[in-house]
Every structure is written in C-alpha cells, then in structure tokens.
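Participant: Residues per chain are reported as follows:
4 protein chains.
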Amino acid sequence: MSDFHGVMPYLVSPIDPDGRVKDTVLARLVVDLIDAGVHGVVPLGSTGEFAYLSREQKERIVAVTIEAAARRVPVIAGVAATTNDDAVTQAKRYRDMGAQGILAVLEAYFPLTDRGVESYFTAVAGATDLPVVIYTNPSFQRADLSLPVIERLSRVSTIGYIKDASTNTGRLLSILERTEGRMKVFAASAHIPACVMLIGGVGWMAGPACLIPSESVKLYELCRAGQWGKAMRLQRPLWAINQIFAKYNLASCIKGGLELQGYDVGLPLAPQEPLSNDGRAEVAEVVKRAKEAMGMVND
Amino acid sequence: MSDFHGVMPYLVSPIDPDGRVKDTVLARLVVDLIDAGVHGVVPLGSTGEFAYLSREQKERIVAVTIEAAARRVPVIAGVAATTNDDAVTQAKRYRDMGAQGILAVLEAYFPLTDRGVESYFTAVAGATDLPVVIYTNPSFQRADLSLPVIERLSRVSTIGYIKDASTNTGRLLSILERTEGRMKVFAASAHIPACVMLIGGVGWMAGPACLIPSESVKLYELCRAGQWGKAMRLQRPLWAINQIFAKYNLASCIKGGLELQGYDVGLPLAPQEPLSNDGRAEVAEVVKRAKEAMGMVND
Amino acid sequence: MSDFHGVMPYLVSPIDPDGRVKDTVLARLVVDLIDAGVHGVVPLGSTGEFAYLSREQKERIVAVTIEAAARRVPVIAGVAATTNDDAVTQAKRYRDMGAQGILAVLEAYFPLTDRGVESYFTAVAGATDLPVVIYTNPSFQRADLSLPVIERLSRVSTIGYIKDASTNTGRLLSILERTEGRMKVFAASAHIPACVMLIGGVGWMAGPACLIPSESVKLYELCRAGQWGKAMRLQRPLWAINQIFAKYNLASCIKGGLELQGYDVGLPLAPQEPLSNDGRAEVAEVVKRAKEAMGMVND
Amino acid sequence: MSDFHGVMPYLVSPIDPDGRVKDTVLARLVVDLIDAGVHGVVPLGSTGEFAYLSREQKERIVAVTIEAAARRVPVIAGVAATTNDDAVTQAKRYRDMGAQGILAVLEAYFPLTDRGVESYFTAVAGATDLPVVIYTNPSFQRADLSLPVIERLSRVSTIGYIKDASTNTGRLLSILERTEGRMKVFAASAHIPACVMLIGGVGWMAGPACLIPSESVKLYELCRAGQWGKAMRLQRPLWAINQIFAKYNLASCIKGGLELQGYDVGLPLAPQEPLSNDGRAEVAEVVKRAKEAMGMVND
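Residue numbers (this note's numbering), protein chains in the order written: chain A, 1 to 299; chain B, 1001 to 1299; chain C, 2001 to 2299; chain D, 3001 to 3299.
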C-alpha cells in the first residue's frame, strides 16, 4: 500500500540544442531536491514539458530520474497520451524501469464522453500494479474529469490519488467528500497549498518546488503540525512564486529560475519562448523573498 | 471607520405574483437572521435577484430591510447598474434611506476597458461617504475586476472591501498581498469559507447563510478563534450546501429552502424556474446534515 | 401578414449629458435613413444601447422614431428584459405607441434552461399581435437560443423572424433548414450579408447601416437580383466596416461615425468610452472606401 | 507554382486492432475518391486522427496514400507537432516520400505568443520547398492564428493557403482582404462551402467529402460556374452532413459512414468511441438525401 504525500516537485526536462537529455544536470537537480527534503519527484509532469518530448527523450528522463533518486523517495512518472494503447505501453515501460508510481494524464484532440475518459484512466490503472495519481487540468486540456467519473475511478484499486490543476479549490473539497477517503488529493500550483492541507489534502505536486524545495517542505511540516498561523506567514511570500508561474509559461519560468540557481537546464523547446529578462528579474525577486520568509519563520 | 466582518447573508427578495414586495416575510427573515447572530445583512445581492427587479421593487426591499434591522447590524445595500449615473442615483437613494454600506456591482452588455471599469466603481464610491464593498463575478458578468484595477480602487478612501465570487481562491490571496491591507476580503459561496478565513479574509457574503445562519456564525467563530480542526469538522458538511447552490439557480435554491423552513418567500421571477422537487429534497437533506454537524461540534 | 425584409438599421440612442433624448437629432437620422432607401428602422437594438437606458429614455426613443418614420417603413422596437412581466409590459407599450413589430431580446443574469428561454419568448409573442423577431447573441448574452427552442418558437403564430448575432453563419442555414420556411432570417453585423442572402436570408439588422444606408440598400438589391459577382465587389469594401465594429464598442463606433457625418448624437453612456481618435480615423477611412466602391459598382 | 483548389477530402486513418494501418482499405478509398473527381487528398488532417497516431503509423498512412494517388491528384500531407523540430522532421520526411504539399497544424499545450506561433509555421515552411497550407482550429486547439500573424505568414514564399476551421465565415473574408491575394482560402466543414466560394475561396478541405465525393465536386463546379441558385439547391441537403459532423466526433462519424458504404476502415482509436447506432442511422439518412439532391440538380 503506497503512502504518497508531501512535496513532490514536477521536474523540468533539460534538453540540449541537439535534442539530447542533459543527464548530469537532471541527476544533480534530483539529488539536490531530495537532499532538501522533498517527499518524491515527478518526471514528465506539465512543467516537464511532456507534450513536447519524443518517446526516446521521455524514457531517458525517467531513467535518469530513477537512477538519481536511488529509491530514497518515490519516483512518480508522468504518462500522457491520447490513446489507451499508448498510455498502457508507457506505464508498463516506466514500471519496468523502476518507477514507484504513475501520474496519469489524458490528452485529447476531440471532445470525449465521460465514458471515454473513464476508459482511459481505467486502462492506465490496469496496465501495472503501481499506484496511480490521476490528473486533470481544465485550463490546458480538452478532457476534464467530472465528479461522477472521479467517484467511479476512486473505486479502481490502483487509483488512490488525484491532482486537480484547476483554480477551483472548492472542487477539491467536493472530491474529498464525494470519494469518502478512497482518493487522496494533491494540490497544484494554482491552489494555495496551506488551504488544500487545511481541507484534508496530503501535499502538492508542482513546478515551483524545484526552486524553493526546503521552503516548501517547511510549509508542509507546519501544516502537518497544525501550526496554521506560522504556516500562513510562510505561505504568503511563497504564493508570489505561484503567481509568477501563472503569468509566464510554466516550463520557461522554472527553467529560467533554475538557470539563475546554477542549474544549466537549457531552454524550453521551441516554439515556446525562454523566460524574458523581466521574467528572470521577477523570479529572482520572489525566490529571494521566499528565502527571507523562511528565515523569519525559523526564528 | 467601518468594520464590516463576519457572516453577511445575501437576502432573497420575496415578491408576490402581482409584483409586490412581501414586506412581512422579508422583515421576519431579517429579524430571525439577526437573532441567529449574523453580523450584517445584504439586500439586493445576486441571490436577491437584483437583475430581475424594478427600481420601485428594489427601493422597497432596501426600506423594509433597514427598518427590520433596526440598526442592530449594518445593512449593506446592493447597487447594480450598467451606467455610472444610474449607480450614483441608487447609492445616494439607499444612503438617504439609512443603509450603512454599499455593495457595488457593475453590469455590462458590451465589454469594457479597465479604465471604464475603474470609472464606474470610482463613481459609486464618490456618490456617498458610505463604505463600499466592490463585487466581481466573472462567471455571470461581462466585466471583471483585474488585479491592477483592484489595486487602484483600494486607494479610493471609501472603498475598503471586496467580494470576489470567482471560484479561484488563490486570487483572493493575490488581492490581499497586492492591496497590502487597504482592502478586506469577503468570501463568496464559491469559496470554502474556512480557507478564506485562513488566508486572512474577514468573513463571507453569500446566500446559503440564509438557511444556516447559526451554523455559519459558529463556523466563523471557530475560524476567528484559530480552532481550525474543529472548524473543518463543521465546514465539511456545510460545504454540501454551497455545492447545491452551484448546481441550481441561486435564487431558486434559497427561496426553495426558505419555503421549507416556513418562510413564504414565493418563487423566483419568471422565466427563472422554481426549485424542482429533486432540488427541494437535496436542499432539505444538506440542511439537515449541517444542523447535525452543528450538534457534534457543540458537544 | 408582415413582410419584413431588407436593410434595417439599428438606430443609435442620442442622449444629452443630462440624460435627455436628443429628439431632433434622432428624428433627422430616421428621416435621412428612410430617404436613403432602408426598409425599416429598429430603435433599441444592441447598438441602441438598450441595456444602458431607463424606461423613460427607452419610451422616448421609440416615440420619436415612430413619429419620424411616419409609417413610411416599419418600426421594429427592441424589447429587452430579464423577466417575462417586464418584457410583456414593454411590448404592449410599444404596440400602443404605434410600433409595427417587436425585436425580442432576452437578458439573463443566471443561466436559464431551454424551458425558461422558451417561456420568455412565448410571453413576448403573446403580449400583442405584432410580428416578432427573436434575437440571440451568444457573445454578449448568458442565454442562447438552441436549435430545438428555435424550432418550437417557429410554431408560435406571431414569431416569424430571427436575428442571430453569432459569428456562425452555418447556424443560420441550420435554422432555415430546421424551421422549413416558418422562420425568416436576418443577418447581423458579424455575418457577411451577401452570404446570408445567398443561403436564403431576407436582409440584415445592424448598426453599420446607419453610416452607409444607400450602399447597404444597393448591396441588398444586387443580392435580390442574383447579381452575385457585382454584389461581392460591393460587399468586400463594405465588410471592412463590419470588422471595425467588431473591434470597437458598437455604440461608440456608430455614434462616433455619425458625429463625423454631422449628426450630433453625443457620446455612449459612461462607463462606456467614446470612440478614440484612432477609431474615428479608421471609421472615416472605411466609410470613404465604401462610398468609392459604390461609385464603381454603379458605373 | 502550385494551384491547389477544389474538393480535398480529409482521409480517415484505417487502423486494425493491432495498430497496423489497413493498407488495402486506405488505397481503395483514395482511388475511389479520385475516380469520383476530387481535386486532391489530405492524409493526417483532423479527421485523419493525426493526434492519435504514432510516428510509424503516420508515415505508413502517407506512403500508402501517395502510392494509391499515383500523382493523379496532389497529396497534401498533414504535419502536426508541438515543437518546431518535430514539425520540420515530419515535413522533410513526407517531402522525401513524394507528397506534393504540406498541411501545417500547430499543437500546443501551453499558450503561445504570436511570435511563437509565427516561428512554428515559418519553420515548417522553410523545411522544404513544398507549398504549405496553414491550418487553424480555435475550437480544438490552444494556439490560434491571429490576423496579424496570418498577414505576416502570407509573405513567406512557400505559404500560399490557409484552412480556417473556426465557424466564423466573416473571418475568411477578413483574411482574404488582409492578405490581398497572397493567401488562398479553403473552407472547413464548419463553413458553408457555397458561401466560402462566393467570397473568393478556392475550395474546401473536409472529412464529409469522403462520403459524398461526387456530390461535393458537383457543388464545387456549380459554384465555379457562377450558378449560385443551382448550387444552393444542392448545398442545402449537403449541409445536413456537415451538421452531423459537428454533432459527433469527426473521425467516428466518417469512419462509421464509410463502413456503411462498404469500406472496412475500422473504429476510431480508443478512448474515442465508435459511432452509435443512432449516429449511423443519421449518417445513412443524410447521405441518402444528399444523393437524391444530386439527382434533382442533374435533371
């Protein structure tokens, strides 16, 4: 029985100009994040540009991540596809490579019925015996997970978690109420983590944690300890980072921020544009403020 | 200096089949809500069907409310218009009638620039010296309040509050951060009240509080006392009521629920449809569960 | 039996800074349009800012229009309301004042069911024995007319026309096919008039015809005569005017353009903004090109 | 210098349950369509489920189509990608295989700036010297082509055509006016082909032509001959087919319809659902009516 929880950074996918995965950079990032206390790592989430990579690049990203994580924390690999067959193939492959969990993302071009959506996630869940986190992002995707579908999927044995990337925090509480404990909820960067922890969430999966891992872990611990006042004093400056991510392309933003911190992760894949100079300055400022807030909370 | 806070029910507008305001029913509802501990009442909010009433009906609603409230709690009257002139006229009229505050709503048919939106709220704020709550609901309205406009409006001396009826709770924290204490935030029924209290909100303005006033007040008090665990035990069953309101027409839902509680508030104005039998059963069930939860928290 | 067809300009609503209708300006505009050959006039359409006027202003607009039109062409008065009762009152009033037809617009704040939408239009249609044009604009309104509702409304005896202000021209053909001759279709400014005439439309109701009435009538006549090649040579430059209207606020744009032509119609009601200097230059340019095209087609 | 025009069916992609392309079925469909008079064929359009196929499947589809077409009509191969690099690779590959043109589709997960959109299409256009049709579908895609971007792309030497799959026919005329002859316009199934021909379009690219190729060619010829009255008598029943496609999943609908006509094209890829029994009956009915209309026009 899995117990995924806590701060799970969405990893960026460092790719060099010739399309090769920058193994060393990625491995160092994974090790540093784990040293900073994160509770798991997620390659090939949205921040990981899953929609922009070839099959070969994706497999390499997962392999490098698993090796660098060295089973110190779980690796939850992103599976994203438009067809059930492709998703099943990916899930099996990542399981064979040693992933401890699957983040299941449904891509769609044409609208789908609820039944179609359900068949996709059921297929992924049946592909392996790994625990599955189902994912929905109504802002960027054409197929959303309705409450009735979530309820039915919560009864699939390997599906135990959901990450809802909408901005609608109330929906998370509705999911928790509706699935009566069968589905644990992770926040996304569009939600205020402290609020999601208050209503019963188990943590968050998001790109910003790449830039502020120890601050994120501290916030998580304060929430878990029920120190809500102290948690909010840290949460407020950390929220500025999430706002920045909503303003810029997510991958550009985290890649730009990691470059500032000395990780040579390279640019987002064209035609996505790199973080602008203004964007870099904004990221630098909000990260600085987050680190200062951390100091104050620790006092 | 005003200090609006706490539970502020949006009142329904009881109208008889001939278009007359049902004075006695409205007055009894106001008195009962105040007896139950609410911190203010708001005639002519969205639940009050402001968009469906004539000038004469609206004035009567405000007059009856003010008289019934008898200055025991503040009456914050809804001003909603498409033109600056109409809004200014309404605000002055309600001030003369004895309202203690204005809830300012901008209706629009054609899209507006930020400058146009700002001119409207500035006009309402300048019409009287009453404290003003600005309102935005991107789901039902064509003109939204952008963060830069909110920031500028927070510097207008009489504008001290905002009610944001989007489902995006993160935006409320962004507003709080951006306005640095000049703007207090009320939650709407689309937000989880306990979350908004956690991040620094001062209360909520919403229709559901008509049906569960003492439960809402209890939840508010638990949040104010920092008893977040206990607050969440009450919040979870109360959330079911907010979900119901998102499912049905708001006015139909509250009017239907109040009828069940013995208030003869009548039907929503046609072509809005009355709450269906299924809807009535759902409302009855969630109100019952909320009252049970209240009992458990009090133990 | 009515036979509404051809070019039906949506009139602007000239209001002075004190809120009084500028009777003389409006009357002169009506007379000049009729002299230019238009087949009807429509006070209180969207371009007529129906959503921004008081009951008194609206009645005055209709009265002045009817008097100026002097039964030379039909006056089709806009009825727009959120409630059935208000709409019925307006329709009866305009009938009593001498209008020859009703343009029925449904305003809504809360979403409506198809049944609610149908009840509104049925109520308007039953209020008088005047022929009714039903109107829908999914871009600016919360309640749209679905094809099944249109089909049912086409069986109401007084409802004989529809104006669909979506940009979806294919929907007009679907309506024509679905209602099998019971519903005549008018184009809006978002459609290419020549296309709508080709598929069986009977004309167009739109603001731009205020600025180019004789050019619009010429285009209509070429279409009616089946001279499609010549029609398109005129249509192409005329289309530039419709594009401008999609770019700016409709009322601002037509009011600004009429000011340029010597009609002192005043400004759109605040917080709507007047046409900018750039906008005025653009309007002047496209009107000039339309008039030149007219010369070429007439040669 | 290319001269793409006329009826260009979007081919379905017949795939067997093991994921293999059904070569024989696809080849027969291509030959039959060309025998029926179509002016080109387009593998890997939206109806061709480009978003659901692997690299290997896509290459096989293009190869089989090119061989079956035997240079009797141009083959315009769909290139769809999220990255410039992937798109360039596809375009070169299809050029080497013998395609006569490229249909360029931009997939996106994160929003793009106009500059990013432009860089993608410029990259595809520069990849080969084949003529390029740029494609946009704001209903299903996250990245739209704005008018200024279209205007700039019209100056790229190999970009000579656009297919706009919005429902907004007026936009097509705006594109034609804005690009002053540098960009030819194809209609999509959301537009009424006769209308697009009237305003200056050169034909249409769409799935429905797979089911009614000779009727589509007849309609095209009537439009080209300026026989607009006769064209509309055929257009009206043909429109019912486009309406059906808007109602059901496009690929399901055409695949289902072709099965009815004896082409064993198989099912759409899961989790897309096959055409329902009701859908099949509807498709059968509208195709029958289209063929009857053809008979009447030929009389």
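In case anyone wonders, no lab produced these hints; they're calculated from the structure.
Built from N, CA and C at the ideal position, the CB exists for glycine as well.
Errors might be hidden in some of the hints.
[As the list claims (entries may be wrong)] Covered stretches of chain D, as calculated for chain C (at least 3 residues, CB under 8 Å): (1) 3188-3195; (2) 3198-3205; (3) 3217-3229; (4) 3234-3243.
Participant: Going through the numbered hints above, which ones does this structure break? Give me the numbers in ascending order.
Facilitator: none
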